[in-house]
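Student: The primary structure of each chain is shown beneath.
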Amino acid sequence: MKLLWLQSGGCGGCTLSWLGSEWGPLFATLNDAGIEILWHPSISEAGAEAALEILQGCAAGTRAFDVLCVEGSLLRGPQGSGRFHVLAGTGRPMIEWVARLAAQARHVVAMGTCAAFGGITAGGMNPTDACGLQYDNAQPGGLLGVDFRARGGLPVINIAGCPTHPDWVTETLLALARDEIGTAALDELARPRFYTDVLVHHGCKRNEFYEFKASAQKNGEQGCLMEHLGCMGTQAHADCNLRPWNGGASCTDGGYACIRCTEPGFEEPGHPFMRTPKVAGIPIGLPLDMPKAWFVALAALSKSATPARVRQNATSEHILPWPKTARKP
Amino acid sequence: MSRLIVGPFNRVEGDLEVTIDIIDGRIAEARVKSSLYRGFEQILQGKTPLDALVYVPRICGICSIAQSAAAAQALAAAMGLRAPDNGRRAANLVQAVENVADHLTHFYLFFMPDFARECYAGQPWWPEVAARFKAVSGSAAGDFLPARAGLLRAMGLLAGKWPHSLSLQPGGSTHPVGVSERLRLLRVLREFRRSLEATTFGDTLEAVAALETARQLADWADAHAASDFGRFLHVSRALELRALGHAGVPYLSYGAYDEGPGRWWPAGVWTGGPALFDPGRIAEDVSHSWYADAEEPLEPARGSTLPLADKAAAYSWCKAPRLGGEAVETGALARQLIAGHPLARDLVARDGGGVEARVVARLIEVARLVPAMERWAADLRPGETFRVEGEMPREADGIGLVEAARGALGHWLSVRRGCIQNYQIIAPTTWNFSPRDAAGRPGALERALVGIPCDADGKAPVAVQHVVRSFDPCMVCTVH
Numbered sequence: 001m002k003l004l005w006l007q008s009g010g011c012g013g014c015t016l017s018w019l020g021s022e023w024g025p026l027f028a029t030l031n032d033a034g035i036e037i038l039w040h041p042s043i044s045e046a047g048a049e050a051a052l053e054i055l056q057g058c059a060a061g062t063r064a065f066d067v068l069c070v071e072g073s074l075l076r077g078p079q080g081s082g083r084f085h086v087l088a089g090t091g092r093p094m095i096e097w098v099a100r101l102a103a104q105a106r107h108v109v110a111m112g113t114c115a116a117f118g119g120i121t122a123g124g125m126n127p128t129d130a131c132g133l134q135y136d137n138a139q140p141g142g143l144l145g146v147d148f149r150a151r152g153g154l155p156v157i158n159i160a161g162c163p164t165h166p167d168w169v170t171e172t173l174l175a176l177a178r179d180e181i182g183t184a185a186l187d188e189l190a191r192p193r194f195y196t197d198v199l200v201h202h203g204c205k206r207n208e209f210y211e212f213k214a215s216a217q218k219n220g221e222q223g224c225l226m227e228h229l230g231c232m233g234t235q236a237h238a239d240c241n242l243r244p245w246n247g248g249a250s251c252t253d254g255g256y257a258c259i260r261c262t263e264p265g266f267e268e269p270g271h272p273f274m275r276t277p278k279v280a281g282i283p284i285g286l287p288l289d290m291p292k293a294w295f296v297a298l299a300a301l302s303k304s305a306t307p308a309r310v311r312q313n314a315t316s317e318h319i320l321p322w323p324k325t326a327r328k329p
Numbered sequence: 001m002s003r004l005i006v007g008p009f010n011r012v013e014g015d016l017e018v019t020i021d022i023i024d025g026r027i028a029e030a031r032v033k034s035s036l037y038r039g040f041e042q043i044l045q046g047k048t049p050l051d052a053l054v055y056v057p058r059i060c061g062i063c064s065i066a067q068s069a070a071a072a073q074a075l076a077a078a079m080g081l082r083a084p085d086n087g088r089r090a091a092n093l094v095q096a097v098e099n100v101a102d103h104l105t106h107f108y109l110f111f112m113p114d115f116a117r118e119c120y121a122g123q124p125w126w127p128e129v130a131a132r133f134k135a136v137s138g139s140a141a142g143d144f145l146p147a148r149a150g151l152l153r154a155m156g157l158l159a160g161k162w163p164h165s166l167s168l169q170p171g172g173s174t175h176p177v178g179v180s181e182r183l184r185l186l187r188v189l190r191e192f193r194r195s196l197e198a199t200t201f202g203d204t205l206e207a208v209a210a211l212e213t214a215r216q217l218a219d220w221a222d223a224h225a226a227s228d229f230g231r232f233l234h235v236s237r238a239l240e241l242r243a244l245g246h247a248g249v250p251y252l253s254y255g256a257y258d259e260g261p262g263r264w265w266p267a268g269v270w271t272g273g274p275a276l277f278d279p280g281r282i283a284e285d286v287s288h289s290w291y292a293d294a295e296e297p298l299e300p301a302r303g304s305t306l307p308l309a310d311k312a313a314a315y316s317w318c319k320a321p322r323l324g325g326e327a328v329e330t331g332a333l334a335r336q337l338i339a340g341h342p343l344a345r346d347l348v349a350r351d352g353g354g355v356e357a358r359v360v361a362r363l364i365e366v367a368r369l370v371p372a373m374e375r376w377a378a379d380l381r382p383g384e385t386f387r388v389e390g391e392m393p394r395e396a397d398g399i400g401l402v403e404a405a406r407g408a409l410g411h412w413l414s415v416r417r418g419c420i421q422n423y424q425i426i427a428p429t430t431w432n433f434s435p436r437d438a439a440g441r442p443g444a445l446e447r448a449l450v451g452i453p454c455d456a457d458g459k460a461p462v463a464v465q466h467v468v469r470s471f472d473p474c475m476v477c478t479v480h
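Residue numbers (the numbering used here), protein chains in the order written: chain D, 1 to 329; chain Y, 1 to 480.
It is worth saying that the hints were derived from the structure and are not from the lab. Values in this document were obtained by computation on a predicted structure and should not be read as measured data. It cannot be assumed that every hint is accurate.
Ranges of calculated distance between the beta carbons of each label pair, as one might list FRET restraints [as the list claims (entries may be wrong)]:
1) Y/Asp-293 to D/Pro-272: 47 to 57 Å
2) D/Gln-217 to Y/Pro-261: 26 to 36 Å
3) Y/Pro-453 to D/Glu-36: 51 to 61 Å
4) D/Ala-185 to Y/Glu-212: 54 to 64 Å
5) Y/Gly-248 to D/Ala-185: 12 to 22 Å
Quick reminder that beta carbons are idealized off the backbone N, C-alpha and C, glycines included.
Sequences and hints are given; from them, build the entire structure.
Tutor: Shown next, in the form of structure tokens:
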């Protein structure tokens, strides 16, 4: 399976994250699975003329390749011209290259939230008119349009995340090489379900604090980050706390909120990222499938049942009381 | 005269095009074009000040922590906050992890693969270098990537993840390191030291950091020819990389690693000798950039970013920052020169500082940083606080000046009515790869390319690739 990778209006962080892959040497893993990197801007030898030859051949259909990976938002501005990113050495907008190459690819994969939905570059007033390959924020369409299907029959596969976890990328590619991704393997936003069928909340190490609504007041404290500090882990599809990052951590482990970076529109939450919006003291963004009345009732109940140990630790940076060892008389 | 347009440059983090004019077989003029605009300075306007901590790391996937650190410092300055010792050490550690990872990512994945190209196949050193450094398939990538992933576990322990963490805050770090985490951190660093001493250097880090003169470096290279640094030094000697790619401009460093009273590596300017750095002398010129003109080059605190894709005479999305009207070079070589490392000073005194000196400075920095990281990790105090709280005034200004792996990174923040009114960023590659200014003065890379001999075949010489990559450019930062 031959891979062609392009970077547009993004930070390159999905590639840098991918290179931090931990389950064996990455290039050997790809090689063993028969995955060949035809060209990748960060790691391939070919540059300038040699790179252009590859891109031109692929776009013209004279050079075979299988998967088009796009990292970064697609920049349509100014005024639809795409001139905010002209691919160096070609004089042509990147969006034109992407559209031509997508038409030839067996699969098209958006590497990260930028390429999937527009992402951080679409923040604020979206000065570059950034969008994703097949979504403009949560709206289907984007650069390639609602009806786009790659030659293999699938819509753009959206490996959303800012950045993507190395394994989300590697395992999607491995599954594609084994021909194991069909529409049933993708969720409503065309993200691979192997990592979006769960929530960031699942496996969060602050779980006991969540159960008792024992909340941190400040970043760095041990309590749950949902009530005050903007954590949206109960609304974010990803396995960040089940398949941890960089040797075993996650955003919530790091002491700060999940900002829902795998979801469209995460870049504009409508409130300060690190503060939970509330109405009458109750957080607006409740867990996805929990009836609000029950949540409020349970929260009140669990707050009053909170052990002193949990309450005290919630607002401390370090463990103060620890669970006592039961001694038989 | 003939003109060549070279691009896309790969292995540079982002998109880059260089136009070179050739007269009498040599590059007479070069124009460096950043062909991507991203709009972060516009996106940040009107935001809650602390939200900058979410946006700015995402300017760059390779300088992500450096961007966080600059924002945290600008916010801390505006809030009048000072991180406690633990927070300061945690910040030093995550910045050092990123810088070391970046230096070696540059060395192994971006820079060295150019010497494995077929055009060098006739050279006696080529078979070994190609087997070791060939892009993707070389043995070095197979050794380095797992070592890098191992080092990045320190990011998991200190910052949750990398890239794009929110752990660096104006008052310190959000992740208090516990007893066991501190020990794991020391294990991570020990394991990384082992891999550096086995393959990158074939020698102790302390011995490498203690090299003082070009002469000692040459002797060291002969004695350590089977190490990766030794291999580079041999290639460099064979191709005379020391004579290649001089920019001939002053060097600038904002200084790095907060040691409490001051920075371990101090801020400064080097113009053949040390000079003081005055941030007030920085101004950004946009005469050759696709932005609406100001009446004069503006100091960043008053700077504006209004894209204008049709502007005549412009050729880049990169602005042209100048220090007292001059282009400068920034990066590891500038840092080590200004910090007084004897080898950096000797190499620059000998050659003026070109491709070889830039690469040597990076590896010397790796050898100096890892022992410092071991010290900072040992000095973390589990059980004591890692951050303090503060309030952002409704009206405030702040500047954050840090060093990313590839050089001086500055953030200028203005808060009005509780929101970000203006946020200006000057990235390291904005300095190094700037276009011409109103007086026609080229940027550092534009100067460094002049004089390179060209082949008659009409293709850009491979030396252009070496010079461009010797700066370890980050184009995505440049065009934030």
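Student: Now look at each hint and say whether the structure bears it out.
Tutor: Tested hints:
no., hint, verdict
1, Y/Asp-293 to D/Pro-272: 47 to 57 Å, "violated (35 Å)"
2, D/Gln-217 to Y/Pro-261: 26 to 36 Å, "holds (32 Å)"
3, Y/Pro-453 to D/Glu-36: 51 to 61 Å, "violated (36 Å)"
4, D/Ala-185 to Y/Glu-212: 54 to 64 Å, "holds (59 Å)"
5, Y/Gly-248 to D/Ala-185: 12 to 22 Å, "violated (57 Å)"
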